[in-house]
Amino acid sequence: MKITFDSGRVAAICLFVFALLFAWSGSRIEYAFASDPLGPRAFPLLLAAALAVFSIWLFFRPGENEAWPRGIILWKGLGIPLTVALAALLLMPVGFFGVTFLLVSVIAWIFDAGLRRAVISGVIQAALWQVVFVHLLGVYLPSGSLWEGLAP
Amino acid sequence: MSLDYLLDGFVVALSWQNLLVGLLGCFFGTVIGALPAIGPINGIALLLPIAYTIGLPAESTIILLSSVYMGSEYGGRISSILLNVPGDAGAVMTALDGNPLAKQGRAGEALAISGISSFVGGMLGVVGLAFFAHLLSLLAIGFGPAEYFVLMVFSFATLASMVGKETVKTLIGCTLGLILATVGLDPTSGAYRFTFNEPELGSGIEFVMLVIGLFSISEAILLLEQHSAGATIIRQMGRTLPRIADLVLSAGATLRGSLIGFFMGVLPGTGASVASSIAYTTEKRISDRHGTFGKGDVRGLASPEAANNAAATASFVPMLTLGVPGSGTTAVMLGALMLYNIQPGPQMLTEQPLLVGGLIAALFIANILLLILNLPMVGIFARLLTLPNWILVPGILVLSVVGVYSTNASVLALLMMVGIGILGWVLRKLAFDMAPILLGFVLGHLMEVNLRNALAISGGELGIFFQSPISIVLWVFAVVIAAAPYLISRLARKAT
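Chains as they are written, first to last, in our numbering: chain G, 1 to 152; chain V, 1 to 496.
Any given hint could be a false lead.
With beta-carbon atoms standing in for the labels, derived distance ranges [what the hints assert, rightly or not]:
#1 Cys14/G / Ile244/V: 54 to 62 Å
#2 Trp475/V / Val10/G: 34 to 42 Å
#3 Phe196/V / Asp6/G: 28 to 36 Å
#4 Ile73/G / Arg239/V: 38 to 46 Å
#5 Val134/G / Gly291/V: 56 to 64 Å
The list that follows gives simulated cross-link-like pairs (lysine-lysine, DSS-like), each with its CA atoms no further than 30 Å apart [what the hints assert, rightly or not]:
#6 Lys429/V / Lys76/G
#7 Lys76/G / Lys165/V
#8 Lys284/V / Lys165/V
Hints are computed from structural coordinates only; laboratory data are not their basis. All C-beta atoms, glycine included, are put in the ideal place defined by N, C-alpha and C.
Use the sequences and the hints to build the structure in full.
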C-alpha cells in the first residue's frame, strides 16, 4: 500500500506526538494524596492512550480535507489572528478605542474595503462600540495607560 | 409531581424585563441565523459574557440565550433560501428545495412556508420539552456516579455515530476536548495539571475563551477564503403568503419532521443539523414519488425546517435534566449555567423550578414572537444579507475581544483565544467538526469526577459500571448507536 503524506497524515503524526508528550507530562503530575483509587494521573493517561490509537487510525484513514489557501489569501488569513493578537498586546497601553480602530481598520482592509473605507469604518466602529460597551452597558475596558499621563 | 413550575415559569417569562430580553434575543437570533458569517454558537458565545458582566440574573440570561438560539433556527433559512448559503448548520437541507423555489420567483412563499413549519416544529418541541423534562427528571434521580459516567460514554457514542463525516475525526475532537478539560487544579487531590506554573491556568481553560477562539476567530479566517467566491442574492420575493394547497401538502412533512427532530434533539450531542438531515432524507424516501425533491418541493422545505426547530428545543431536555448537552449550542448554555454556579441535573426541577419553568415558557413565547417577526418582517432581515464582510467581520472580532476580556480581564486570555482560533482553523481545514471538541470540554470534568467517584465507592472494582439496569440499558444503546451506521450500510449493500 503506497502511503502519501497529505495533510491528514501529517496531522495524524502531530496528534500522535502530542499524545506521547501529553502522556509523559501526565505521568509527572505530582500529588501528595488522592481519595480515589485512580488519582489525578489516570484520566489524562487514558486520554493520551485513546488519542494515540485514534491518531494511528487517522493515519491509515486520513479521509478528505479542505483545500489549503495559498499565496496572498494565506498571508491575509494569518493576518487576521495576528491583528487580534497585536490588538490584545496594545489593549492596556493604547486603550479600547484605539485598539478597536486599529483592529477594525486592518481587518476591513484585509477584506478588500480599500484604505479610505477601512479607516472610516475603523473610526465609526470604534466610537460605536465605545458608546455601547463602556457608556451604555458599563463594561470595564481599558482607556489606555499611555494617555493617562496626558489627562488634565 | 405537579406542573406548577410551568405556571410560575410563565409569570417569570412574562415580566416586562424578560419579555424585552426575549424579544431582543429573538431579533438578534434571527439576524445571527440569517447571516452566514455567524452561527448560533458564535452568537450565544459572544452575548454570554456581556450578559454576565452587565449583571443580568440567571433566568434573564438563559431566556436571552435560548431566544437567540430559537431565533437563529428561524433566521438560518433566510440565507439558505435567498442565497443558497446556509445561515447555520441546521439550515443546510433547507437550501436543497428552498433555493430552487426562490429561483422560480416564489422566495416569499418559501420563506413563509419555512417560517410556519419552524413554528410548528418549535411549538411541538416545547410541549415535548415540558413533558419529557418532567419525566426524565423523575428517572434521573436514579443516576449515581457510575450511571452518569456510562451516560457520557453513550453521549460520545451518539456523537461519533451521527456527527461529522468521519467517525475517527469526531472521536479525536471529543478526546481533544476532554484533554483540554484536564488543565487546571484537580479538586480531589489538589494537584495542578498541565498549568506549566502559569497561575492563570490554575482554574483551567476558560470556557468563553475556548468557544470564541474555536468558533469566531477560526470562522473569520475561513470567511476570508470564501470572501472572493461571492454569491448572488435573490431579490424578487413574489407573494409573501403561502398557498393553502401548499400548506395542506406540507402538513404531513411538517409533523413528521417535528417528531424526528424532537427525538434526534433529545439524544445527547446530536443537535439540529443531524435532525434536519435525517428528516429530509426520511421525507424524501416517503414522499418523493415523481423526483420533485431538490427542485422546489415544499415538503422538502417544510420537513427539515420543522425538524431543526423541534431538535433545537429538544436539546434542552438532556441539558436540564441530566446536565448533558443535547447539541453544541446547549453545550454553551451549559457553560452559561455554570458561570452562575448552577449545576444542571435532575435536581434542577426541584432546586431551580423558576429557571426551568421560565425557560420553557420563554421558548413558547419566543416561537410566537418569531412567527410574528419572520412572516411580515422577513424582508428587513433579508436586507442584512447585503451587509459586506468588511463591516461584519471586524465587528464580530471586536465582540470576541470584549467578550473574552470582560470575563477574564487578562491579555493572556486574549492571546490564548487567538492560539485556540488558529488551532480551530487548522482542524476545520482538516474537516474536523468543532462541536465534539466543545462537548468533550464541557463534559470532561464531570466525566472524570464521576469515574473517580464511582471507583471510590466500589473500591476500584470496574463492575460498578455494569451493575444497575440504567447502566446496562445505556451500554446497550451506546453499542447499538455506535454500530448502527456500519450495520445500515452493510444491509444497504446486501439489498443492492
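Output the numbers, in ascending order, of every earlier hint that fails for this structure. Nothing - there is no hint that the structure violates, so all of them hold.
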